[in-house]
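Participant: Residue numbers (the working numbering), protein chains in the order written: chain A, 1 to 256; chain B, 1 to 226.
Calculated directly from the structure, the hints in this document are not laboratory data.
All C-beta atoms, glycine included, are put in the ideal place defined by N, C-alpha and C.
Check before you lean on any hint, since a few could be wrong.
[Stated by the list, open to error] Covered stretches of chain B (in silico footprint by chain A; criterion: 3 or more residues with CB under 8 Å from a CB of chain A, positions within the stretch not fixed):
| no. | stretch |
| --- | --- |
| 1 | 9–18 |
| 2 | 81–90 |
| 3 | 100–114 |
| 4 | 183–189 |
[Unchecked claim] Calculated from the model, a selection of chain A residues having no Cβ within reach of chain B, i.e. all distances over 10 Å:
| no. | residue |
| --- | --- |
| 5 | G4 |
| 6 | L24 |
| 7 | K28 |
| 8 | A30 |
| 9 | Q48 |
| 10 | N141 |
| 11 | S178 |
[As the list claims (entries may be wrong)] With a straight-line Cα cutoff of 20 Å, these simulated PhoX-like cross-link-like pairs (lysine-lysine) come out:
| no. | chain 1 | residue 1 | chain 2 | residue 2 |
| --- | --- | --- | --- | --- |
| 12 | B | K93 | A | K11 |
| 13 | A | K52 | A | K16 |
| 14 | A | K97 | A | K11 |
| 15 | A | K152 | B | K193 |
| 16 | A | K175 | B | K100 |
| 17 | B | K104 | A | K175 |
| 18 | B | K14 | A | K116 |
| 19 | B | K93 | A | K175 |
| 20 | A | K175 | B | K14 |
| 21 | B | K100 | A | K83 |
| 22 | A | K19 | B | K93 |
| 23 | B | K104 | A | K16 |
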Amino acid sequence: MSTGNMNLTLKVWRQKNNKTAGALVDYKLAEISPDMSFLEMFDVLNEQLINKGEEPVVFDHDCREGICGMCSMFINGRPHGPKDLVTTCQLHMRSFKDGDTIVVEPWRAAAFPVVKDLTVDRSAFDRVIAAGGFISVNTGNAQDANSLPIPKMQADAAFEAAACIGCGACVATCKNASAMLFVSAKISQLALLPQGQPERYRRVQSMVAQMDAEGFGNCTNTGACEAECPKGISLENIARMNRDFASAKFASEETV
Amino acid sequence: MSGFGNAFSSSIGKKFIMGATGIFLILFLIVHCGINALIFLNDGGLTFNIGAHFMATNWIIRAGEVVLMIGLLAHIFQALRLTLQNNKARPVKYAVNDGKANSKWYSRSMGLLGTLLLIFLIVHLSNFWVVSRFTGIPTVDANGHEDLYAVMKATFQNPLIVGLYVLSMISLCYHLLHGFASAFQTMGWNHSKYNGIIKGAGIWYSIIISILFAAMPIAFHFGFIQ
Ligand code: SF4
Ligand code: FES
Numbered sequence: 001m002s003t004g005n006m007n008l009t010l011k012v013w014r015q016k017n018n019k020t021a022g023a024l025v026d027y028k029l030a031e032i033s034p035d036m037s038f039l040e041m042f043d044v045l046n047e048q049l050i051n052k053g054e055e056p057v058v059f060d061h062d063c064r065e066g067i068c069g070m071c072s073m074f075i076n077g078r079p080h081g082p083k084d085l086v087t088t089c090q091l092h093m094r095s096f097k098d099g100d101t102i103v104v105e106p107w108r109a110a111a112f113p114v115v116k117d118l119t120v121d122r123s124a125f126d127r128v129i130a131a132g133g134f135i136s137v138n139t140g141n142a143q144d145a146n147s148l149p150i151p152k153m154q155a156d157a158a159f160e161a162a163a164c165i166g167c168g169a170c171v172a173t174c175k176n177a178s179a180m181l182f183v184s185a186k187i188s189q190l191a192l193l194p195q196g197q198p199e200r201y202r203r204v205q206s207m208v209a210q211m212d213a214e215g216f217g218n219c220t221n222t223g224a225c226e227a228e229c230p231k232g233i234s235l236e237n238i239a240r241m242n243r244d245f246a247s248a249k250f251a252s253e254e255t256v
Numbered sequence: 001m002s003g004f005g006n007a008f009s010s011s012i013g014k015k016f017i018m019g020a021t022g023i024f025l026i027l028f029l030i031v032h033c034g035i036n037a038l039i040f041l042n043d044g045g046l047t048f049n050i051g052a053h054f055m056a057t058n059w060i061i062r063a064g065e066v067v068l069m070i071g072l073l074a075h076i077f078q079a080l081r082l083t084l085q086n087n088k089a090r091p092v093k094y095a096v097n098d099g100k101a102n103s104k105w106y107s108r109s110m111g112l113l114g115t116l117l118l119i120f121l122i123v124h125l126s127n128f129w130v131v132s133r134f135t136g137i138p139t140v141d142a143n144g145h146e147d148l149y150a151v152m153k154a155t156f157q158n159p160l161i162v163g164l165y166v167l168s169m170i171s172l173c174y175h176l177l178h179g180f181a182s183a184f185q186t187m188g189w190n191h192s193k194y195n196g197i198i199k200g201a202g203i204w205y206s207i208i209i210s211i212l213f214a215a216m217p218i219a220f221h222f223g224f225i226q
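With the rest of the complex left out, here is chain B (with noise of 0.2 Å):
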C-alpha cells in the first residue's frame, strides 16, 4: 500500500481522529465559555452582545464555525463507528462483570455520556444558534448589536430548560474527567514528567468550564444577572 495506508481506518487511526477531534472541541469550548462568562458582568448584556456580534460577522470565525461543525460531526460518527465495533467485539456478555474494580464509570460510560450531550447540543443550538443563524434575533441593544442577551434571558425563564442544561453540564464535566487525559493518552503523550500535569489540569479544566456553563442558566434564572 501507498502513501497513509490504513492509517486512518486501523484501531489506533480511529483513536487519533476520537483524541484530535477532542482536543479541538476542548480548545472550542474556552472560547465559548470565555465570551459566554462576559454576562456575568451583569452590565444588560452591552459587553456579551459586542462578543457574540463579533463572533456572528468575523469571516475567519465563520469559517472556523464550519471546520467546528465538521469536527463535532466527526467526533460523534467515529464514537458511533467505534461503539459498534466494540460490542461485536464482545458478543457474549459476562453474567457478573466488576467495572468498578478496575476503572472509573464515567470511563466506561462516554458513549453513554456523549448521548446525553448530543440530546443537549441538539436542543442548545436550537435555542440560540438556530435563532442567531437562521431565523434571526428579534431585538437590538443601545449599541445597536443583536440582542442575544435577551434571547438567553427568555430562554432560561422556562425552568426545564434550566435543569437540562445543569444535567448536561454534569455530563460534560464527567466526559472530559475521562476525554482531556484520554486525548492525550492516545496521542502518545504519556510521559513521567508531564502525566501529573496533564491529570491536574484536565481535573480544573472539567471543573471550572462545566461549572461557569451551569452558572449561565442558573444566573439568568434566578436574577443573579439582569
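This is chain A alone, in the form it adopts within the complex (with noise of 0.2 Å):
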C-alpha cells in the first residue's frame, strides 16, 4: 500500500485502558504517500504492527469524508492537525514534510476519559443533548415546511450552528476543557427555529446543567475551540446561550 517517499517519526500515546497510566512511544515509517489521508498513515502503521505480531493502534473513525465526527487525534498540540477547518479523516500526509515527527495524543479531559490508546469516550456530549436537545413533534403527517415562514438570515445561522458534528475538538483544544462551543451549536441550532421555541428556556437551563455535571471545564473566552473547529462554529454561539441562560434563569418563569 505504501507507494509514497516520506520517512516519518510518530510518536503515538498508547494506553492499555482508563485505569492505567499510558505513554508516547516512537514508530518509524517509510515510503509514506503525500496523497494518503492522516488515517490510510495509521492504517499503514497498524498492518506492520499486526505483522509485526504487536497491538496495533486503537483509534475512533467512521466516515472519514468529515462529516460524522468520530476520528478525534490531537497532532502536534493541535486537533485535527495543523490544517484549518479539517478533520483528522480529511487530514492529508502532503500537510506534513518528509523527516517530520508527529506527536499523536488522544483528546484530553477529564470528561472524555481514554478507552484505549486514541479513542476517547465521548458520550458526555451525548447524555448533554439528550438532557434537552430535542423538540416536540405530533404524529400524524408533516405538515408542510412552508407553513412555517423563516427568513432566510435565521434559517442560514441555524444550518451553520447545525454544522457542529460533536467531534470533541473544541474540549480537546480549550485551555479549560469547556464544552461551551459544542453545547451552544446544539442549542442554537433549534434556538433560532420556530420549531424550537417551546423548549427553548428548558433547554438552554438542563443542557447547560448537564455540560456542568459531565465535569467540562469553564470557558474563558481564549476563542481557541472557534479557530480549531473543523465546521467553523462561530463563538456567536457561545453568546446567544449565555443570553438565553440568562433570560432563562433572570426572565422566565420556567427555572429547571
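Grab the two chains, each in its own frame, and use the hints to assemble them into the complex.
Facilitator: Here is the structure:
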C-alpha cells in the first residue's frame, strides 16, 4: 500500500485502558505517500504492527469523509492537525514534510476518559444532547415545510450551528476543557428556529446543567475552540447561549 | 428548584460574575485614572489633592469604596475557583500543545496576569490606601488639604517601586486586552454591528489606561512634575 517517499517518526500515545497510565511510543514509518490521509497512514502503521505480532493502535473513525465526527486525534499540539476547517480523516500527509516527527495524542479531558490508545469516551456529549437537545413534534402527517415562514438569515444561522459534528475538538483544544462551543451549537440550532421555541428556555438550562455535571471546565473566552473547530462553529453561538441562559434564569417563570 | 435556581453556581453564572465585576472594575479604573491624571497639571498637586480630598470625604464615594472592595474580592475569588475547577477538567496534560496556533497568549494567561496584578495591588494599597485611610497623611498643602501628592512623590523616588508599577501596568494592559472584549462576549453581546466597536474600544482603553498609569511613577521619579 505504501507507494510514496515520505519517512516519518510517529510518537503515538499508547494506553491500555482508563485504569493504567499511558506513554508516548516511537514508531518509524517509511515510504508514506503524500496523498494518503492521516488515518490511512495509521492503517499502514497498524498493518506493520499486526505483521510484527504487536497490538495495533486503537483510534476512532467512521465515515472518513469529514461528516461523522468520530475521528479525534490531537496532532502536534492541535486537534485534527495543522490545517484549519478539516477533520483528521480529511487531513492529508502532504500537510507534513519528509522526515517530520509527528506527536499524536488523544483528546484530553476529565469528561472524555481514554478507552484505549487514541480512543476516548465522548458519551458525555450524548448525555448533554439527551438532557434537552430535542423538539416536540405531533405525530401524524408531516406538515408542509413552507407553513412556517423562517427568515433566510435565521435559517442560515441555524444551519451553520447544525453543522457541528460533535467531534469534541473544541473541548480538546480549550485550555479549560470547556464544552461551551459544542453545547451552544446544539442549543442554537434549535433556538434559532420556530420549532425549537416551546422548549427553548427549559432546554438551555437543562443542557448547561448536564454540561456542568459531566465535569467540563469553565469557558474563559480564549477563542481557541472557534479557531480549531473543523466546521467553523462561531463564538456567536456561545454568546446566544449566555443570553438565553440569562433570560431563562432571570426572566422566565420556568427555572429548571 | 425555585427562584433563580443555580443561576450563579452554574458555569455560565460564574462567567457572569467574572464579566460583571470586570466591567465594574473597568469603570472604576476610568475614575481612578481620571483623578490621578490631575497630577499632570504640575501645580504642586493642589488640584489633585482637591480631588483626593473629595474622594476621601464624600460619603457616596466611601460607600462606593466598599462596593469596589466586594467587587474586587468577588473577581479574585471567583477566578481562583474557576482556575481550580478548570485544572481538574484536564487532569492529564498534553505532551505537545500548540496554543499559539489558535489563541492569544494573554487570553490563556489571565490567571498569571491577574496574580501579578494581585501582588501589585497589595503593594499599591499599602503605599497609598493604607496611608490615606488609616495611618494618616503627614502633611497638608497650601489649601489645607491632606497632601497625598507629596506621599506619591516620596514613594516614587524608590526605583524598585517605579519598576514594579511600570511592569504591573504592562500586566494590566494585557489583562484588559482580553478582559474588556471578553466581558461583552460573556454578557452575550456578540453582534456584527457592535463587535468592531467593542474590540476597538477595548484596545484603546487598555493602552490609554495603562500608559497613563505607568506615566505617573515615571513622571515623579524623573522629576517631570514637581
Ligand atoms: S463545535 Fe466544532 S469542534 Fe466542537 S464538537 Fe462541534 S464540530 Fe467539533
Ligand atoms: S471519520 Fe467521520 S469525520 Fe473523520
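Participant: Which hints from the list above does the structure break, by number from lowest to highest?
Facilitator: Checked against the structure, the hints that fail are numbers 6, 11, 18 and 23, while the rest are satisfied.
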